[in-house]
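Sequence positions in the sequence shown follow numbering that gives the first Met the number 0 and run 0 to 118.
Keep in mind that a hint or two might mislead.
[To be verified] Now the in silico label distances, taken between C-beta atoms and shown as ranges:
| no. | residue 1 | residue 2 | range |
| --- | --- | --- | --- |
| 1 | Glu56 | Gln12 | 14 to 20 Å |
| 2 | Gly100 | Asn59 | 24 to 30 Å |
| 3 | Asp36 | Gly64 | 32 to 38 Å |
| 4 | Val42 | Asp62 | 30 to 36 Å |
Just so you know, these hints were derived from the structure itself, not from any lab. Ideal placement from N, C-alpha and C gives every residue a C-beta, glycine not left out.
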Amino acid sequence: MPFKQRLKWMLDQIPGSLGAILADWEGEAVDQVARMDDYDLKVLGAHKGIILTRLREAMNRVDGGDVEEIQISADQNQTLVMPVTEDYFLVLTLESGAMLGRASYELRRCAVLLRDEIA
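Put together the whole structure using the sequences plus the hints.
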């Protein structure tokens, strides 16, 4: 299944989802689906990629293991970041009141499917 279809299906499963982006290790968008401004989602993906890279570096310095998920909560929205492979990651942004547990579950399911397709 094409990446865009996987991302759209995931968004459809999560009430309050605003957008999802699959990006590479440089923060470049591979594919995305948005219920928000496309450009804003690309910028969000690039910036969250930087956060993921820095957190991975910090975890390596302290032998903390692999980063599995990052959750960022703000007053206007929530964002989840999840590595798919060493070179690709997913970013999911949600309304502030969205169910994080459901979003995390669906993001993880999507990441597994994308990992299989990328490999």
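Right, here's what the structure says about each hint:
1. Between glutamate 56 and glutamine 12 the C-beta distance comes to about 32 Å, which lies outside the given range of 14 to 20 Å.
2. Checked against the hint of 24 to 30 Å, the pair glycine 100 and asparagine 59 passes, with Cβ atoms roughly 28 Å apart.
3. Between aspartate 36 and glycine 64 the C-beta distance comes to about 35 Å, which sits within the given range of 32 to 38 Å.
4. One distance hint, 30 to 36 Å for the beta-carbon pair valine 42 and aspartate 62, holds here, with the actual separation near 33 Å.
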